[in-house]
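Model the placement of chain X on the given structure of chain G, informed by the hints.
Line order of the protein sequences matches chains G and X. Number 115 in our numbering belongs to position 115 of the first sequence; there are no gaps in the numbering. Number 88 in our numbering belongs to position 88 of the second sequence; there are no gaps in the numbering.
Since the hints were made in silico from the structure, they are not lab data. Where a beta carbon is used, it is the ideal one built from N, C-alpha and C, also for glycine. One or more hints might be untrue.
Unchecked claim - Simulated coverage check for chain X against chain G, where a stretch passes if three residues somewhere in it have a Cβ under 8 Å from a Cβ of chain G:
hint, segment
1, 16 to 22
2, 25 to 36
3, 176 to 186
To be verified - Short derived list, chain X residues pointing at chain G, Cβ under 10 Å:
hint, residue
4, 163
5, 166
6, 167
7, 169
8, 172
9, 173
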Amino acid sequence: MLVRFFFELRSAGVPVSLTEFLSLLQALEARVAFCSAEEFYWLARLALVKDERHFDRFDRVFAEHFAGAERLFQKLVAEVPAEWLQSLAQRLFTEEERAKVESLGSWDKLLETLRQRLEEQKERHEGGNKWVGTGGTSPFGSGG
Amino acid sequence: MSTSRFTGTDRYIATDDLRMAVNAAVTLARPLLIKGEPGTGKTQLALEVAEALGRPIFEWHVKSTSKAQQGLYEYDAVSRLRDSQLGDARVADIRNYIVRGKLWEAFESEVQPVLLIDEIDKADIEFPNDLLRELDRMEFYVHETRELVRARHRPIIIITSNNEKELPDAFLRRCFFHYIRFPDQETMTKIVEVHYPNLKRELLAEALGAFYKVRETPGLKKKPSTSELLDWIKLLLAEDIPSEVLRSDDPKKAIPPLHGALLKNEQDVHLFEQLVFLNRRVR
Numbered sequence: 001m002l003v004r005f006f007f008e009l010r011s012a013g014v015p016v017s018l019t020e021f022l023s024l025l026q027a028l029e030a031r032v033a034f035c036s037a038e039e040f041y042w043l044a045r046l047a048l049v050k051d052e053r054h055f056d057r058f059d060r061v062f063a064e065h066f067a068g069a070e071r072l073f074q075k076l077v078a079e080v081p082a083e084w085l086q087s088l089a090q091r092l093f094t095e096e097e098r099a100k101v102e103s104l105g106s107w108d109k110l111l112e113t114l115r116q117r118l119e120e121q122k123e124r125h126e127g128g129n130k131w132v133g134t135g136g137t138s139p140f141g142s143g144g
Numbered sequence: 001m002s003t004s005r006f007t008g009t010d011r012y013i014a015t016d017d018l019r020m021a022v023n024a025a026v027t028l029a030r031p032l033l034i035k036g037e038p039g040t041g042k043t044q045l046a047l048e049v050a051e052a053l054g055r056p057i058f059e060w061h062v063k064s065t066s067k068a069q070q071g072l073y074e075y076d077a078v079s080r081l082r083d084s085q086l087g088d089a090r091v092a093d094i095r096n097y098i099v100r101g102k103l104w105e106a107f108e109s110e111v112q113p114v115l116l117i118d119e120i121d122k123a124d125i126e127f128p129n130d131l132l133r134e135l136d137r138m139e140f141y142v143h144e145t146r147e148l149v150r151a152r153h154r155p156i157i158i159i160t161s162n163n164e165k166e167l168p169d170a171f172l173r174r175c176f177f178h179y180i181r182f183p184d185q186e187t188m189t190k191i192v193e194v195h196y197p198n199l200k201r202e203l204l205a206e207a208l209g210a211f212y213k214v215r216e217t218p219g220l221k222k223k224p225s226t227s228e229l230l231d232w233i234k235l236l237l238a239e240d241i242p243s244e245v246l247r248s249d250d251p252k253k254a255i256p257p258l259h260g261a262l263l264k265n266e267q268d269v270h271l272f273e274q275l276v277f278l279n280r281r282v283r
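Same shape as in the complex, but just chain X:
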């Protein structure tokens, strides 16, 4: 097994603590649970790890209706019944009706894969617990075919959560945990530079300043995140807005242009405009 260390990729800036978290999880073969504000690159991390280490990736995007069993396999009894009524020969082998889940696919991989379990908190509370046994032992039993499926290589398991639900203790104890903090200005500069390498320094500095100021507005329902910042910069470039316009010294221009890209919630836009208006009156 290659023990190459993860240091981020060209397009993904990983802070030192995140790198440590990934390497620790890989070295000790423990699942890595990632939490953080929406838009901080939790899902992206798994893809980048797979790319950096050169491994295949299996993505399981969990929904509210997801059940742990689906990660293993599902038995399509309805199709089998229909086929038997039509006299289809395939009915004879039950294996034709076993639909493999992401865990099974990951277990079958010839090379150690990355398994992403995305937004695990979307499913119901029992979901993580239902997976515990399989995550520990890396094997499961298929009742219909009486076979035991074992992992060829222990996958690198990356689990993301949006913090919508509390996860059970027994599950948490088995994972390493990393919280991706919202990038500070220095890290954010690097992130923007990766996406917009030719961006003028002044525009970048002014845009970041305005962006963090908007984030600091008290009472926002949804603070703008990295993806919104990148979209906003794209718009600024497309509209050819010069950096002087972004300088917030001028009270008349305190609302950044195209702020609809940053604040997606109507209430937040109102709140922001109100605060700017109040500010103006105070001066």
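With the rest of the complex left out, here is chain G:
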């Protein structure tokens, strides 16, 4: 996944070299950033972009690339068939847990709620998207 990111950056005009990409992988291995998406963003930018004039381009490619990954994950979750989930539940859940689920409505309702929550999270995340250059106020962007 990161290799594709590397090539996407290059096609967007951010002159990343192979050595710089490898240094990012090194840093990830050394666990310089491992908990948050934000830390990963800063680390990637630190290792790959050496001119602040390219920050906007980097932001765009980063947002597109990693939003894409998130979308894929959501798609996977959304496509989990209800019957599969139900049979799994029969096997793993106890009587009380099953009753609890029933109290929330049907299994379909449960899946629906899960999908909704993911949508909300996605919106919130996009609403609070710090790294996408917001409205050209970045001092070193094309709009700034």
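Okay, now just chain X, sitting in the frame of chain G:
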């Protein structure tokens, strides 16, 4: 080697991304290149990192006439010639005439040091490239004494640039890069509070408001920076100017008092006064 993380010090507010940059550079032993507007604490950062991690610091303040070789050493041939003419015994050992540069001093440090290469863009374009080999291999050869100088500990290298020149690609590729953005109001509040802990909240808020407004004036040659803000606040406190005076609702008082501390350029002062005047007429 201690791997204590850098989180800023009492007197230096470091944003999260800056902290990440320092820690990444230290962990991976890569030089950290810092750019940013003048007055955003680029040089100060190296000093604070040294203090926070408890390491000695070697500062190389680059000038337009600086050559990469000077960071390693210089051979003072003139003194040697003079001494030989005077019959001084020191002439026998050439080592007496080798003047060590900052890189050499940093290499000799018993403890891992911080090496600051300040304003690297001041020197000519070949300067960063001339240092590449030494930065990579952490060693260099002294021709005069036929010795190889190796770094005892790889220094933490912090390089600052004012963006006056483009730096060569080969050099940039070896560094991690961080751009210190001008602090936003929230960060700036913390910075001011560190320097003026007893400052009244209202005065601080009003001063910051006025300060950012001045910065937004279009066409300024030199926007006021953090150091100018701190100086200005010092003056306001010294002159005992109350916060009401700073409130810019009143068109008559739209020019902040003592603005000479913020705008150092005559043209900027004229520009600012003109805009205020125009504003007044529009109302």
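Hint-by-hint comparison with the structure:
1. 16 to 22: Result for this restraint: holds, n = 4.
2. 25 to 36: holds (count 5)
3. 176 to 186: n = 6 at 8 Å, threshold three: holds.
4. 163: Where the cut-off is 10 Å and the nearest Cβ of chain G is about 8 Å from residue 163(X), the hint holds.
5. 166: Hint on residue 166(X): holds, closest Cβ of chain G at ~9 Å, below 10 Å.
6. 167: holds, 8 Å
7. 169: Holds, about 8 Å.
8. 172: Hint on residue 172(X): holds, closest Cβ of chain G at ~4 Å, below 10 Å.
9. 173: holds, 5 Å
The structure agrees with every numbered hint stated previously.
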